[in-house]
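Asker: Okay, here's what each chain looks like letter by letter:
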Amino acid sequence: MKQKIFIAAGLVLLMIVIVIMLLDLFSGHKADPSNPYDYKMDEIRKTDSNLTAYTEQLTIRISLSEINAVACGAGDRIYVAGKNGLEIFNQDGKPDGNFSFEGTASCMALDKKDNIYIGFQDHVVVFDQLGKPVMKWKSFSSESLLTSITISGSYVFLADFGKKVVYRCMTDGRLINRIGEKDPEKNVPGFIIPSPYFDLASGKKGELWVANTGRHSMEQFGNDGTLKSAWGQASMAVDGFCGCCNPSHFAILSDGSFVTSEKGIERVKVYSPKGIFLCIVAPPSAFIEGTRGLDLAVDSKDRIIVLDPEKKQLRIFVKKE
Amino acid sequence: MPNRREFLNTLMRGGILAALGLFSGALVFRSRDKNSCSYGFDCSRCSKNENCNLPAALEARQMVWQIDPAKCIQCGRCATNCVMSPSAVKCTHAFAMCGYCDLCGGYFKPGTKTLDTAAEHQLCPTNALKRKFIEDPFFEYTVDEELCIGCGKCVKGCGAFGNGSLQLQVHHDRCKNCNQCSIARNCPSQAFTRVPANKPSLLKTFEVAKAATLTVAATLLSTLAMAVQRFPKPEFESAYTQPQTQIPLPRGEFLAYLDVVILFASLCLVTWLVLKKRSRLWVFFMSLFSLAYFGFYREGCVCSIGAIQNVSLALFDHSFVLPLSVIIFFILPLIFTLFFGRTFCAAVCPFGAFQDLFAFKPQALGSRLNTILGIIPYLYLGLAVLFAATGTDFIICRYDPFVGIFRFNASFGMFLFSGILLLSGVFIARPYCRFLCPYGVLLNWISRFSRRHISITPKECIQCRLCEHSCPYDAIDMPVTTKSPEARPAMVKKMMILTVVIPFLVLAFGFTGSSLHETLASVDSRVKLAKEVLALSAGIRPDEKKAGETLQPAAEESFEIKAFKASGKTEAQVYSDASIVLKKFYVSGWLFGGFIGLAFGLMIAGRMVQVYRTDYVTNKARCFSCLRCVDYCPVKS
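Residue numbers (the numbering used here), protein chains in the order written: chain A, 3 to 323; chain B, 877 to 1513.
What the hints contain is simulated information worked out from the structure, not anything from laboratory work.
Yeah, the Cβ is synthetic: ideal placement off N, Cα and C, and Gly gets one too.
Mixed in with the good hints, there may be bad ones.
Said to hold, decoys possible - Straight-line C-alpha distance at most 20 Å; calculated SDA-like pairs for lysine to any residue:
no., chain 1, residue 1, chain 2, residue 2
1, B, 985, B, 960
2, A, 115, A, 313
3, A, 314, B, 1009
4, B, 989, A, 239
5, A, 314, B, 1002
6, A, 184, B, 1113
Unchecked claim - Stretches of chain B that chain A covers, calculated by requiring three or more beta carbons in the stretch to come under 8 Å of a beta carbon on chain A:
no., stretch
7, 945–959
8, 1298–1305
9, 1321–1330
10, 1342–1349
Kindly produce the complete structure, drawing on both the sequences and the hints.
Answerer: Below, the structure written as structure tokens:
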């Protein structure tokens, strides 16, 4: 009797083990969707809708496989450049031309004659409106990585992430001087650019503004490279620039206000000419999480044109009535 | 002059030996799949550099687990699924990519306004990430490995806001290199992969990362080959030197062969102790050594039982790298068993040695119960091979009851599982070995034809019956009560019945197995994903909807779905993958069912066929050669 009890006990325990194995294997239980260590960005991605002063007026689908740069030309024609080509749209978003080229455009600007200056990694190629190369500049450096270009009068300014410097050139490509280059003797600290987002633009008076992203600041330089003013603060709050290096892109409105875009917390905002936060153009919820490279342009009516590389769209925002 | 039975035994032994030789040869010299790299990544990273002419097993030598940061979605499962506590996965800092930011997304909690080192501002739940001021505006961040639990929180923060220099990597000084990594099994994005032990890191550097994240830079650099550093080191004015990122190297490759040498030496020694010395005490000491070395020191890996799965997968998946040491671990005990019986089970297998320590009140189960329970290992072996061959899972490792104890870090569930098994072992000696061990099935069959098996008595049995109850494993066959062998016509009749019954059982079980292919395939992660994607895209049809069941809202999407969306795969690809798996399971279901049918048939045959015996003899199939019975025998050599 005792033996039978022992055997029964042993068998029951053995069967429990087998049943546990089978249940675990075939129960089809779903893995826990929760993550006890989740990085919760929901709160910081939330914004007060009252701060959003713009509305999306128009969305334009881009057919290029990769898009990196947007610019506005005469007649508010919108130019989008990317991998192996460029597309042009009229102000209503209708296709108005395109041409292709070899290589990937990283930045773009137009001069008063509507010549298109396109930055390719370490050099610039100037195209006419039909896509015919007018001029090809020589390479700045094998380490160069041009990320932004702007034209102010007879000067072309270029931001080089690879060398962390701004070039002031003539429209024919002749280099005049370097701006912001680190120079301990002159106590120039140099730009702090941790990731390849290094934007610049010229203001309404032709002054040069550069995004010193590592310092989360917008800096104004004279043509000789003198730092004239700066503003900006690092913060995940709506009035600051988040993450390691922002603003990733910016543009300047006709009244001298700044439109900025950020990565990390994807958002487009407007600051006053003195750097005071004014409003939101597009909150994080308007973008796919993880979107980077929100290049900006502004047309003559101060419509804000946002390049959304994740959605492959041009998104045009206008101020709410 | 050998009799007919001996002649047939010799013939079978020769056949098995030849089969094992051919099998090993096929494994060692199996052809490489030229279309897919054994290592799972591009040849430019391999020291062989497309010169893969060596047999895969010889070439690969040793593989270790690693995370591909490009696929990792920081789901947190590395922290919660590793058999080690804390996890062997650690955050690793690729300093070459770091921006040395003041506002580090990996260090500070979202929304932090004050950028200081106060604990309440830190994102890391264990404060494992350290911040040190270098010079304005640069801060250095280092990971305290002792504190890091591999949750990936900082990795996500760094990736979202910064350059992604914080990355999860398996640290091989902590990783046990499990046969089937517990994290890999649960990784929703299949970011876990095996890499050569001499190149154990998949840390993203600027070279690898060029195609990964930042659109502009990735695009720009695609033409730059490896020449341009995407994240140039900040120009420090102080004397700061950027640290080199170190990932601990895995255990030396030669140690895998040391294990093989120790296995071989142990088998030789135990065989000698069993057959020549006939010393139970020394066999017991040897089992303690095996428990200490293969169990607690080597922590249950590598083991011959688990090697079944590696071998099965290698046979069906030519891209799977099977190290030579694993082949030897699989084959060597089988060869020893073929010649000397299950001396491996006697004192070399740590599982057996461990269970032996708990057999306090072993009870005889009787032949009928032994036969019925004896079918379970066949089912286990069949399922283990089925799931391994289809690349679904390594269930032997998944349900390894002792590995957690060997490693002193079993989860509560696993500890309970082991505890129940060991408790049953108090009354049913070696329950795992007898009624679960899939390797035992192979040893059982091969041992039947062993050339020199342990005998209870070294000379003639004197029928003293002292050994009758000595075996805790019911492995002593008693003399039969009938006075003479069974009559020939009765045997012929039984034989004729079996020749009909066994093929019928094989077909019937095969059909059942194939019918169950969807159930069996439901274990596979690819099929699970397809089901989830289907439910998500089409919604649950009303006729399938159970009471109270609703579709998961987007906020509760599983990590598998998130990983699927991040992977860029289409739904069609997911369904196609699942369809291929289902087809494999349909074919395998037939084989699995047929195998179980055959086992049943042979079990019936074993019960039907009467073996005439006049002495107490060891049952060659079931005997573990533990020598307990020998101690009871008064006849000494």
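Asker: Each hint should be assessed against the structure and marked as holding or not.
Answerer: Outcome of the hint check:
For the hint pairing residue 985 (chain B) with residue 960 (chain B), the CA-to-CA distance comes to about 27 Å; that exceeds 20 Å, so the pair is violated. For the suggested pair residue 115 (chain A) and residue 313 (chain A), the alpha carbons sit about 31 Å apart, so the restraint of at most 20 Å is broken. For the hint linking residue 314 (chain A) to residue 1009 (chain B), the alpha-carbon distance of about 40 Å lies beyond 20 Å, and the restraint is violated. A threshold of 20 Å between alpha carbons decides the hint, and for residue 989 (chain B) with residue 239 (chain A) the separation of about 8 Å falls inside it, so the pair holds.
Distance hint between residue 314 (chain A) and residue 1002 (chain B) is unfulfilled; the C-alpha atoms sit about 40 Å from each other, more than 20 Å. At most 20 Å may separate the alpha-carbon atoms for a hinted pair to count; residue 184 (chain A) and residue 1113 (chain B) meet this at roughly 11 Å. Counting residues of the stretch 945–959 of chain B whose C-beta sits closer than 8 Å to any C-beta of chain A gives 6, which meets the bar of three, so the coverage hint holds. Counting residues of the stretch 1298–1305 of chain B whose C-beta lies closer than 8 Å to any C-beta of chain A gives 6; at least three are required, and the coverage claim holds.
Closer than 8 Å: that is the beta-carbon criterion, and the stretch 1321–1330 of chain B has 0 residues meeting it against chain A, so the requirement of 3 is violated. Counting residues of the stretch 1342–1349 of chain B whose CB falls under 8 Å from any CB of chain A gives 0; the rule of at least 3 is not met.
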